[in-house]
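Residue 181 in the working numbering sits at position 73 of the sequence shown, and the numbers go up by one each step.
Just so you know, these hints were derived from the structure itself, not from any lab. This structure is a prediction, so every number in the text was calculated from the model and none was measured. Hints are not guaranteed to be accurate.
Taking CB as the label site, the calculated pair distances span [stated by the list, open to error]:
(1) Glu153 / Asn122: 30 to 36 Å
(2) Thr186 / Arg162: 51 to 57 Å
(3) Thr129 / Glu155: 51 to 57 Å
(4) Thr126 / Gln166: 55 to 61 Å
(5) Arg123 / Arg160: 44 to 50 Å
(6) Leu125 / Arg164: 19 to 25 Å
All C-beta atoms, glycine included, are put in the ideal place defined by N, C-alpha and C.
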Amino acid sequence: MHSFTFVEGAVRRNRLLTNLTNAAVENEMKLWLRQSCDSGGGRWERERAKKRQRSRTQEHSDESHRQAAKRDRKKKLTSLTDTEVEPSD
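Construct the complete structure from the given sequences, taking the supplied hints into account.
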């Protein structure tokens, strides 16, 4: 348990923490290691929120493109019906 010895040595050099027991140091070290997988402090949640935002932005963009295409088709149809076709005799 070389890591514990290293951390304990660092703790013992801190004058404010010299009275801590080895068990207290070890428990805090274990807690820190368990929580270190998300050292970004909510990194996973922030990433999920980013993905949701990107998805909503993409959906909005897709909807905007669909609406624009629909308007273009409508304009085209309107312009076709507005032009008069001369009957050929």
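Here's how the hints hold up against the structure:
1. A hinted range of 30 to 36 Å holds for the C-beta pair Glu153 and Asn122, which are about 33 Å apart.
2. Our hint of 51 to 57 Å for Thr186 and Arg162 is violated, since their Cβ atoms are close to 36 Å apart.
3. Distance hint check: the CB atoms of Thr129 and Glu155 are about 38 Å apart, inconsistent with the given range 51 to 57 Å.
4. For Thr126 and Gln166, the Cβ-Cβ distance of about 56 Å falls inside the hinted range of 55 to 61 Å, so the restraint holds.
5. For the pair Arg123 and Arg160, the beta carbons lie near 48 Å from each other, so the given range of 44 to 50 Å is met.
6. Range check, Leu125 to Arg164: Cβ separation about 48 Å, and the 19 to 25 Å hint is violated.
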